[in-house]
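Mind docking chains D and G with the ligands on chain P? Use the hints.
Note that the protein sequences, when read in sequence, are chains P, D and G.
Residue 55 in the UniProt record's numbering is what sits at position 55 of the first sequence, and the numbering runs on without skipping anything.
Residue 98 in the UniProt record's numbering is what sits at position 98 of the second sequence, and the numbering runs on without skipping anything.
Residue 512 in the UniProt record's numbering is what sits at position 512 of the third sequence, and the numbering runs on without skipping anything.
Hints are not guaranteed to be accurate.
What the hints assert, rightly or not - Restraint ranges, calculated between C-beta atoms of paired labels, are given here:
1. P/Asp3 <-> G/Glu480: 16 to 22 Å
2. P/Leu48 <-> D/Asp136: 35 to 41 Å
3. D/Asp136 <-> G/Asp219: 33 to 39 Å
4. G/Ala224 <-> D/Asp22: 47 to 53 Å
5. G/Glu106 <-> D/Pro27: 27 to 33 Å
6. P/His49 <-> G/Tyr344: 34 to 40 Å
7. P/Asp98 <-> G/Asp528: 42 to 48 Å
As the list claims (entries may be wrong) - Quick list of in silico lysine-lysine cross-link-like pairs, DSS-like style, CA-CA up to 30 Å:
8. D/Lys72 <-> D/Lys62
9. G/Lys165 <-> D/Lys143
10. D/Lys82 <-> G/Lys165
11. G/Lys398 <-> G/Lys526
12. D/Lys82 <-> P/Lys5
13. G/Lys478 <-> P/Lys5
14. G/Lys248 <-> D/Lys82
15. G/Lys37 <-> D/Lys140
16. G/Lys437 <-> D/Lys140
17. P/Lys5 <-> G/Lys80
18. D/Lys143 <-> G/Lys248
Keep in mind that the hints were calculated from the coordinates and are not lab data.
Note that the Cβ used here is the ideal one computed from N, Cα and C, for glycine as well.
Each chain is listed here by its residues.
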Amino acid sequence: MADLKPAASQLISANALWTGQAVFLTRDGTWSTDPAQAALSTSAEDSLHLLEMAKASNARAEVELVHLAAATLREDGRPWPTRNREYIRALGPTVRRDLGYQAATARAD
Amino acid sequence: MERLDLRKLTGAHLKPYRQMDDDAPMPEEGAVLVSLERLTAESETLLAHNYPVGLLVPGQAKAADLAPWLDKVALIAIRFEKFSDGRGFSLAHRLRDEQGFGGEIRATGHLIADHAEFLLRSGVTSVELSDPLAVDHFIKRLKLYSLWYQDTLDARPTILELRHGRTRKRLAS
Amino acid sequence: MYRYDDYDQTIVRQRINDFRDAVERRLSGHLSEEEFKLIRQMNGVYLQLHAYMLRVAVPYGSLDSRQMHKLAHIARTYDKGYGHFTTRQNIQYNWPALRDMPDILEELAAVDMHAIQTSGNLIRNVTADPYAGAAAEELADPRPYAELIRQWSTLHPEFSFLPRKFKIAVNASATDRAAVKFHDIGLQLKNDPQQGRGFSVVVGGGMGRTPFVGPILRDFVPEAQILTYLEAVLRSYNELGRRDNAFKARIKILVHELGKEAFSEMVEQEFARLLPTADDLPTVELARIRSQFITPTFDQLPDQDADYEQALKTDDAFAHWVAVNVVPHKQPGYAIANISLKPYGGIPGDISADQMDLVADLAQTVGHDEIRATHAQNLVLPHVRKRDLYTVWQALDKAGLATANLDRASDIIACPGLDYCVLANARSIPIAQEISKRFAAKGREDLIGELKIKISGCINACGHHHAGHIGILGVDRKGEEMYQLTLGGSGAEDASIGQITGRGFDEAGIVDAVDTVVDTYLGQRKTDETFLETYRRLGPAPFKEALYGTA
Ligand code: HEM
Ligand code: SF4
Numbered sequence: 001m002a003d004l005k006p007a008a009s010q011l012i013s014a015n016a017l018w019t020g021q022a023v024f025l026t027r028d029g030t031w032s033t034d035p036a037q038a039a040l041s042t043s044a045e046d047s048l049h050l051l052e053m054a055k056a057s058n059a060r061a062e063v064e065l066v067h068l069a070a071a072t073l074r075e076d077g078r079p080w081p082t083r084n085r086e087y088i089r090a091l092g093p094t095v096r097r098d099l100g101y102q103a104a105t106a107r108a109d
Numbered sequence: 001m002e003r004l005d006l007r008k009l010t011g012a013h014l015k016p017y018r019q020m021d022d023d024a025p026m027p028e029e030g031a032v033l034v035s036l037e038r039l040t041a042e043s044e045t046l047l048a049h050n051y052p053v054g055l056l057v058p059g060q061a062k063a064a065d066l067a068p069w070l071d072k073v074a075l076i077a078i079r080f081e082k083f084s085d086g087r088g089f090s091l092a093h094r095l096r097d098e099q100g101f102g103g104e105i106r107a108t109g110h111l112i113a114d115h116a117e118f119l120l121r122s123g124v125t126s127v128e129l130s131d132p133l134a135v136d137h138f139i140k141r142l143k144l145y146s147l148w149y150q151d152t153l154d155a156r157p158t159i160l161e162l163r164h165g166r167t168r169k170r171l172a173s
Numbered sequence: 001m002y003r004y005d006d007y008d009q010t011i012v013r014q015r016i017n018d019f020r021d022a023v024e025r026r027l028s029g030h031l032s033e034e035e036f037k038l039i040r041q042m043n044g045v046y047l048q049l050h051a052y053m054l055r056v057a058v059p060y061g062s063l064d065s066r067q068m069h070k071l072a073h074i075a076r077t078y079d080k081g082y083g084h085f086t087t088r089q090n091i092q093y094n095w096p097a098l099r100d101m102p103d104i105l106e107e108l109a110a111v112d113m114h115a116i117q118t119s120g121n122l123i124r125n126v127t128a129d130p131y132a133g134a135a136a137e138e139l140a141d142p143r144p145y146a147e148l149i150r151q152w153s154t155l156h157p158e159f160s161f162l163p164r165k166f167k168i169a170v171n172a173s174a175t176d177r178a179a180v181k182f183h184d185i186g187l188q189l190k191n192d193p194q195q196g197r198g199f200s201v202v203v204g205g206g207m208g209r210t211p212f213v214g215p216i217l218r219d220f221v222p223e224a225q226i227l228t229y230l231e232a233v234l235r236s237y238n239e240l241g242r243r244d245n246a247f248k249a250r251i252k253i254l255v256h257e258l259g260k261e262a263f264s265e266m267v268e269q270e271f272a273r274l275l276p277t278a279d280d281l282p283t284v285e286l287a288r289i290r291s292q293f294i295t296p297t298f299d300q301l302p303d304q305d306a307d308y309e310q311a312l313k314t315d316d317a318f319a320h321w322v323a324v325n326v327v328p329h330k331q332p333g334y335a336i337a338n339i340s341l342k343p344y345g346g347i348p349g350d351i352s353a354d355q356m357d358l359v360a361d362l363a364q365t366v367g368h369d370e371i372r373a374t375h376a377q378n379l380v381l382p383h384v385r386k387r388d389l390y391t392v393w394q395a396l397d398k399a400g401l402a403t404a405n406l407d408r409a410s411d412i413i414a415c416p417g418l419d420y421c422v423l424a425n426a427r428s429i430p431i432a433q434e435i436s437k438r439f440a441a442k443g444r445e446d447l448i449g450e451l452k453i454k455i456s457g458c459i460n461a462c463g464h465h466h467a468g469h470i471g472i473l474g475v476d477r478k479g480e481e482m483y484q485l486t487l488g489g490s491g492a493e494d495a496s497i498g499q500i501t502g503r504g505f506d507e508a509g510i511v512d513a514v515d516t517v518v519d520t521y522l523g524q525r526k527t528d529e530t531f532l533e534t535y536r537r538l539g540p541a542p543f544k545e546a547l548y549g550t551a
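Next comes chain P alone, as it looks inside the complex (with noise of 0.2 Å):
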């Protein structure tokens, strides 16, 4: 996977040290395992910005493999990740709909 360079529109992401569980940046600094609580960057210096963020929580030893990932607005205005592979994090395999965060959803339709 080829590091994005900082811009718009986009998410930062990461997984927590202590639960592997893959989590999203929100605007106060804290880590959510929804992407639609997730900061979208504004622009690239707000991408930066977030990015150091992520990266004081990882020098903290809170979480691991920070990355940025594109993103955009979905109908109901909130952060989606738009690459496969964030999608598939935002989501779980694709071959088990009844593991990972999509697990809850589906079990709500």
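Relative to the frame of chain P, chains D and G with the ligands by itself:
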């Protein structure tokens, strides 16, 4: 910089060595570490000093190239450029096993506690570490392991020796 | 089966405590992410897309029922109720949390298992023929050698920070079921009229970005000297392997760049230096290990069993499974039963905790307590009395484990791909599922015969696509998952690397393409010719024409 003797688990008795750049003037006193290039070029003056001279080499150095100096230097320091680069282990092994070097081998550079036991069993006798906490981590590791399978270069018994109640050939002779 | 003594146990326990300590050092910030990554990997812990992954070693693919029950227990307690058998005879859990890892390792240690060296740049889990101890034509059981190498390579002081990972396989039959020519070192057991038992040593095979069928570096190394020879190879590699580029760091590149002769000369020089002081303790140890691998006390049976013959006549589905999945055993009245982990449309290699328990129970009751994992991501009950085969099959069938497709089109090897893997370019599992469904629906697997389809989700080639009769490689083309097709590879004794057919296909297109290739084969083959034989006779041209037209 802290020093630790991997067998005695203390560094109090170990001499500090000053790392000398190739063009730096030699100090009046104190032990120094020089590169192979400098030692080769200035051996007469360097070895005429009455303070200890050690050889500082990177992990990829060839043991055979160091052979002419092994009975002249006080210590060999092997520098680990990166913690994941394991060439220094093979160099230490060769210095002991191929060249018969019996003096101190000190590891320096990017070391982590996870190296500790491996260094000792490859023939390294001491390490130079950045801080006291790192020393604690090294000591903890060294105390953790009491057994190993391989015939390695320290005289401690291997599992095969313990299992079969025999001493390995190398030590017996 | 090999049982740990107190020494083996102590090593594993000490390593667990050490791993606990490393986790603490990471949490308190004394290990950087990069440093911790290498250390956790040495202990079998990866970080994937959704969670950590723990790869548990199944040395030389051998398990007993106690161990299999434990794997089921771990899947239930710490994971999501399943595990995934890999192409290196290991099992992976896809969802464990780091905080549970030391406890899982303790559970494993209780049944003589561990995750040591299932990842990282060191000597990995040693693999061997899954039919070891049962195969009719084997020279000797390869597992004692593999166990000797496991011990020698475990926490090796000098070879734990190699340029790249290092994989060793041992095979002892004329048929290569361990893919020795695709390993960093492949050991093929042989008898020499003068020197007795020893190995021909393949060095520098591998898959990945630059696949190589490994050359034979030495035609014969006596068994008493094998660890010394391995030491000479490993030391040469540790000193000279490239460390500037991870893609060029495997020993295959070193052997290729230096040339086999030059590399061999260096190894010979080091080997000659080591031999005079080499100890005979490993030979003594080999005898001890061997005494633990004594073949089970087989019943003295006639080779034919009336009830079994009767069941074959009356139950077609059973007879079909026997014809496809059961192979001859060296002991009269016994058979080797392959358990497919490739149900039609299923996920290759996945197995639920309940299924694990069932396999364990079968092994315990009617299988001399032995189970094997294969590099094709299947399981084996290596010692089953023919008279028990019907009961075994019925139990497997009820649990969805009786798919009769060994080495058939739907017995597909697939890596986890983009559904789990951080490095993936494309998904592999859904492609395997669609191809499997397609062939199942057409009901012509038996007509096609032996066909090995292998799928990787990126060029690292964990799914062995280079060695597939039909290989599929996932690539990313501007955010789209695309698939390249290769034909004519083989991972067996006639090893070869598949050739790319031409431009790639999308998700639906690749399934059609495989179908087209198979149709072409069926149209062109001579009587009894396998796919690979037909391809080797005709070359790629007719297949390319069928795929892309003659334009
Ligand atoms: C999901 C996490 C995994 C990661 C991150 C991973 C990573 C890699 C990488 C980077 C390579 C290339 C190494 C090289 O050429 O130097 C590789 C090769 C390989 N992996 Fe994996 N892998 C994973 C899962 C698997 C699985 C599930 C299997 C078995 C089904 C597997 C079996 C292999 C094999 C057989 C090779 C080829 C070895 C060779 O090049 O000789 N890996 N893997
Ligand atoms: S081949 Fe690539 S995608 Fe598949 S498991 Fe290996 S690294 Fe991951």
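Tested hints:
| no. | hint | result |
| --- | --- | --- |
| 1 | P/Asp3 <-> G/Glu480: 16 to 22 Å | holds, 20 Å |
| 2 | P/Leu48 <-> D/Asp136: 35 to 41 Å | holds, 37 Å |
| 3 | D/Asp136 <-> G/Asp219: 33 to 39 Å | violated, 51 Å |
| 4 | G/Ala224 <-> D/Asp22: 47 to 53 Å | holds, 48 Å |
| 5 | G/Glu106 <-> D/Pro27: 27 to 33 Å | violated, 53 Å |
| 6 | P/His49 <-> G/Tyr344: 34 to 40 Å | violated, 51 Å |
| 7 | P/Asp98 <-> G/Asp528: 42 to 48 Å | holds, 44 Å |
| 8 | D/Lys72 <-> D/Lys62 | holds, 17 Å |
| 9 | G/Lys165 <-> D/Lys143 | holds, 28 Å |
| 10 | D/Lys82 <-> G/Lys165 | holds, 17 Å |
| 11 | G/Lys398 <-> G/Lys526 | violated, 38 Å |
| 12 | D/Lys82 <-> P/Lys5 | holds, 27 Å |
| 13 | G/Lys478 <-> P/Lys5 | holds, 16 Å |
| 14 | G/Lys248 <-> D/Lys82 | holds, 18 Å |
| 15 | G/Lys37 <-> D/Lys140 | holds, 20 Å |
| 16 | G/Lys437 <-> D/Lys140 | violated, 55 Å |
| 17 | P/Lys5 <-> G/Lys80 | violated, 36 Å |
| 18 | D/Lys143 <-> G/Lys248 | violated, 37 Å |
Taken one by one, the earlier hints fail for this structure at numbers 3, 5, 6, 11, 16, 17, 18, listed in ascending order.
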